[in-house]
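Given only the sequences and the hints, what does the whole structure look like? Please build it.
These are the residues of each chain, in order.
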Amino acid sequence: AQSVTQLDSHVSVSEGTPVLLRCNYSSSYSPSLFWYVQHPNKGLQLLLKYTSAATLVKGINGFEAEFKKSETSFHLTKPSAHMSDAAEYFCVVIPRNNNNDMRFGAGTRLTVKP
Amino acid sequence: DTGVSQNPRHKITKRGQNVTFRCDPISEHNRLYWYRQTLGQGPEFLTYFQNEAQLEKSRLLSDRFSAERPKGSFSTLEIQRTEQGDSAMYLCASSLGTSGGSFGTQYFGPGTRLLVL
Numbered sequence: 001a002q003s004v005t006q007l008d009s010h011v012s013v014s015e016g017t018p019v020l021l022r023c024n025y026s027s028s029y030s031p032s033l034f035w036y037v038q039h040p041n042k043g044l045q046l047l048l049k050y051t052s053a054a055t056l057v058k059g060i061n062g063f064e065a066e067f068k069k070s071e072t073s074f075h076l077t078k079p080s081a082h083m084s085d086a087a088e089y090f091c092v093v094i095p096r097n098n099n100n101d102m103r104f105g106a107g108t109r110l111t112v113k114p
Numbered sequence: 001d002t003g004v005s006q007n008p009r010h011k012i013t014k015r016g017q018n019v020t021f022r023c024d025p026i027s028e029h030n031r032l033y034w035y036r037q038t039l040g041q042g043p044e045f046l047t048y049f050q051n052e053a054q055l056e057k058s059r060l061l062s063d064r065f066s067a068e069r070p071k072g073s074f075s076t077l078e079i080q081r082t083e084q085g086d087s088a089m090y091l092c093a094s095s096l097g098t099s100g101g102s103f104g105t106q107y108f109g110p111g112t113r114l115l116v117l
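Sequence lines, in order, name chains F and C. Under the working numbering, the first residue of the first sequence is numbered 1, with each subsequent residue one higher. Under the working numbering, the first residue of the second sequence is numbered 1, with each subsequent residue one higher.
Be aware that one or more of the hints could be misleading.
[As the list claims (entries may be wrong)] DSSO-like, lysine-lysine: derived pairs with alpha carbons at most 27 Å apart:
| no. | chain 1 | residue 1 | chain 2 | residue 2 |
| --- | --- | --- | --- | --- |
| 1 | F | K58 | F | K69 |
| 2 | F | K49 | C | K57 |
| 3 | F | K42 | C | K11 |
| 4 | F | K58 | F | K113 |
| 5 | F | K42 | C | K57 |
| 6 | C | K14 | F | K42 |
Read the hints as simulated data drawn from the structure, not as lab findings.
Here is the structure:
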């Protein structure tokens with residue numbers, strides 16, 4: 001079985017400071033991992049994905065995530081937060097043996113203070 | 001806009017009524033997914049189509065729920081005899097899967113928010 005744990009339900013940062021959204025996964029099979037962002041009244045947007053290539057993955061809007069197998073983590077980071085980054089972020093795991101078993105974490109709400 | 005579209009965006013209904021939602025995927029995508037998202041939670045998988053064939057259904061999809069994708073393009077999700085517990089955001093996603101088994105990245109629509117009174 002696989003699952004995703006997002007360690008913080010809410011993260012608040014000041015504009016211009018770094019962002020860290022934490023995600024740990026468990027998977028019986030080598031997983032694919034994703035981060036999606038959900039802005040109010042908009043669809044989920046893919047930020048980045050890891051599918052067994054480079055462990056450091058760069059996404060859109062300056063976000064990146066590092067796959068650490070030893071720590072079973074896939075934390076999302078950004079060097080400098082912008083007001084427009086305020087949204088809900090979801091970490092997602094898909095095991096390699098079942099393309100359709102897409103498991104979402106509970107989400108982390110990011111607030112960016114001016 | 002060539003993304004995934006969903007209609008209606010909002011639906012308020014009374015308990016016991018039937019409702020139907022529509023999803024139009026990205027045109028070249030052969031795979032279509034339905035998810036349900038309740039407040040404070042991530043989306044949960046409901047069902048999945050490859051072309052017109054419904055290949056997988058979650059145990060969350062009770063017999064009051066039915067989904068179709070008759071021509072392998074748009075899809076409908078119908079809920080019969082709605083209950084208050086059905087209140088949620090219903091999300092549709094599509095992807096381009098390959099014959100080699102690659103599932104492709106899922107692209108999501110804006111969702112239909114259902115409120116059952």
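*Which numbered conditions among the earlier hints are violated in the structure presented, ordered from lowest to highest?*
When the structure is compared with the hints, none of them turns out to be violated.
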